[in-house]
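Taken in sequence, the protein lines are chains A and B. For the first sequence, UniProt numbering gives the first residue as 1, with consecutive numbering after it. For the second sequence, UniProt numbering gives the first residue as 1, with consecutive numbering after it.
Worth flagging that the hints you see were computed from the coordinates, not collected in a lab. For each residue, glycine too, the CB sits at the ideal point set by N, CA and C. Treat the hints with caution; some may be incorrect.
Said to hold, decoys possible - From chain A, some residues computed to sit far from chain B (all C-beta separations above 10 Å):
#1 Ser16
#2 Glu35
#3 Glu45
#4 Pro66
#5 Asp72
#6 Asp83
#7 Glu91
#8 Asp125
#9 Arg130
#10 Val137
#11 Glu163
#12 Ala188
#13 Asn192
#14 Ala208
#15 Ile214
#16 Glu257
To be verified - In silico lysine-lysine, DSS-like type, Cα no more than 30 Å apart, as pairs:
#17 A:Lys8 <-> A:Lys25
#18 A:Lys8 <-> B:Lys4
#19 B:Lys75 <-> A:Lys25
What the hints assert, rightly or not - Which residues of chain A face chain B? A partial, calculated answer using Cβ under 7 Å:
#20 Gly6
#21 Arg14
#22 Lys20
#23 Leu59
#24 Leu124
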Amino acid sequence: MHKGKGMKFVGDSRISAERKPNVPKDYSEYPGRTEAFWPNFLLKEWLVGAVFLVGFLCLTLAHPSPLEGMADPTNSSYIPLPDWYFLFLYELLKYEFASGDFIIMGILVLPGIAFGALLIAPFLDNGPGRRPHQRPVAVGMMLLALASVIWLTYESASHVDWESRAEANKPIPPGEQVEIDTEDPGYAVYENSCMSCHGDDLQGGAAAPSLIGIDKSAEEIAQIAQEGIGSMPPGQFSGSDEELQQLTDFIVSVNEEQSE
Amino acid sequence: MLQKIYDWIDDRIDITPIWRDIADHEVPEHVNPAHHFSAFVYCFGGLTFFVVVIQILSGMFLTMYYVPDIENAWKSVYYLQTEVAHAQIVRGMHHWGASVVIVMLLLHTLRVFFQGAYKKPRELNWMVGVLIFFIMLGLGFTGYLLPWDNKAYFATQVGLEIAEQVPFIGEQLKTLLAGDANIVGAQTLTRFFAIHVFFLPGALFALLAVHFILIRRQGISGPL
Chain A
1 MHKGKGMKFV
11 GDSRISAERK
21 PNVPKDYSEY
31 PGRTEAFWPN
41 FLLKEWLVGA
51 VFLVGFLCLT
61 LAHPSPLEGM
71 ADPTNSSYIP
81 LPDWYFLFLY
91 ELLKYEFASG
101 DFIIMGILVL
111 PGIAFGALLI
121 APFLDNGPGR
131 RPHQRPVAVG
141 MMLLALASVI
151 WLTYESASHV
161 DWESRAEANK
171 PIPPGEQVEI
181 DTEDPGYAVY
191 ENSCMSCHGD
201 DLQGGAAAPS
211 LIGIDKSAEE
221 IAQIAQEGIG
231 SMPPGQFSGS
241 DEELQQLTDF
251 IVSVNEEQSE
Chain B
1 MLQKIYDWID
11 DRIDITPIWR
21 DIADHEVPEH
31 VNPAHHFSAF
41 VYCFGGLTFF
51 VVVIQILSGM
61 FLTMYYVPDI
71 ENAWKSVYYL
81 QTEVAHAQIV
91 RGMHHWGASV
101 VIVMLLLHTL
111 RVFFQGAYKK
121 PRELNWMVGV
131 LIFFIMLGLG
141 FTGYLLPWDN
151 KAYFATQVGL
161 EIAEQVPFIG
171 EQLKTLLAGD
181 ANIVGAQTLT
191 RFFAIHVFFL
201 PGALFALLAV
211 HFILIRRQGI
221 SGPL
């Protein structure tokens, strides 16, 4: 940089009046086949980015992002699950040594050691060698940690029936929410036989689907109430024929109201 | 014409050195997939940044419709999902991007780790990178609540219960996050919204800037 006497500036600013040439750096003397990032490499790299973007958009088109029903704090049967990348931490808390009296192990000590070691890895693994076989301890610990995370995630996710979960928690469109007439004699029957699984507003729960928006006749509903369907065992309804009539009328009327 | 505009600006504020500093950096042979296909492992960092850009843009568009209050949050997301043109794709990009960015970040971290690229003199950049990882997990946790559906609500409740069990500061920590010692509700949603949209992205941008400046100063680590 030019310094000292004889410098010329633009006006009263501190910008040098001397024009600097706008020429790219020359990489030809660098070892190997080094090339310039701009524009040589970027012209290839954006192609990789474009291919990635197409794949990513295909994913978003094939799988619309999920949305469950509106949060209902009174829903006591809901089984919470975190996003998949927190499942391993969630699963860890189910082990005896990481829950109950030892909860500190599960929420602070073990994750703290793992993530703390990750943060200061360069100081723990401070030998000169970079190749994996030159630092067996660091590489071994990382493989062990990776294997545990994958195992915990698998353990946590493999017990979940994702499809029936999504099915049971489908959102109810705001316009289609119906007023449930709790004075209806059918509601009293519903309360006795059905509410524990299908919820107090017929909205369904973890164990049973919603009863709103079903395409079933009164006879079919009566049959299901007595004989069960799918994972619903038979004999859920116990009462007189008159009560069964009131129940089916009630469910049908809710569905009629909803489809209006 | 363009050259004249450039010269006019350059005369006044001397941008050529700035531009040359941004444009001139080398891509050595060993990180260039055009020469060694196995060098594709060096793409994960760049792809992580690419997804971060997708997240920023899609998130900006989502806030044009999203309402962070418990009455309307879910309804606004439902409206977005069913009524607004292309919003399903934008929300899909934000939803899946949140997962893809974690995957890319993990692959990038593993590449750096197994190549021992964090060794002297690059220790500081590794630590900045791990902090970025934590910020991303924080963004994932806070973003999960915002649609205010059952999944969001109950997962957040579990998360807050875990925070509460931290010794000594647990209850304060929970109150700080949830806005109330007991209720997961209106305050929690606005707090998570603020953390997700202002606090964590601010920290993320600062750390990303440090991450990139350090890479430029130190250069890419050499071949194994």
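Going down the list of hints, with the structure as the test:
{"no.": "1", "hint": "Ser16", "result": "violated (6 Å)"}
{"no.": "2", "hint": "Glu35", "result": "violated (5 Å)"}
{"no.": "3", "hint": "Glu45", "result": "violated (7 Å)"}
{"no.": "4", "hint": "Pro66", "result": "violated (8 Å)"}
{"no.": "5", "hint": "Asp72", "result": "violated (6 Å)"}
{"no.": "6", "hint": "Asp83", "result": "violated (5 Å)"}
{"no.": "7", "hint": "Glu91", "result": "holds (12 Å)"}
{"no.": "8", "hint": "Asp125", "result": "violated (8 Å)"}
{"no.": "9", "hint": "Arg130", "result": "violated (3 Å)"}
{"no.": "10", "hint": "Val137", "result": "holds (13 Å)"}
{"no.": "11", "hint": "Glu163", "result": "holds (15 Å)"}
{"no.": "12", "hint": "Ala188", "result": "holds (27 Å)"}
{"no.": "13", "hint": "Asn192", "result": "holds (26 Å)"}
{"no.": "14", "hint": "Ala208", "result": "holds (15 Å)"}
{"no.": "15", "hint": "Ile214", "result": "holds (20 Å)"}
{"no.": "16", "hint": "Glu257", "result": "holds (21 Å)"}
{"no.": "17", "hint": "A:Lys8 <-> A:Lys25", "result": "holds (26 Å)"}
{"no.": "18", "hint": "A:Lys8 <-> B:Lys4", "result": "holds (22 Å)"}
{"no.": "19", "hint": "B:Lys75 <-> A:Lys25", "result": "violated (55 Å)"}
{"no.": "20", "hint": "Gly6", "result": "violated (18 Å)"}
{"no.": "21", "hint": "Arg14", "result": "violated (9 Å)"}
{"no.": "22", "hint": "Lys20", "result": "holds (5 Å)"}
{"no.": "23", "hint": "Leu59", "result": "holds (5 Å)"}
{"no.": "24", "hint": "Leu124", "result": "violated (11 Å)"}
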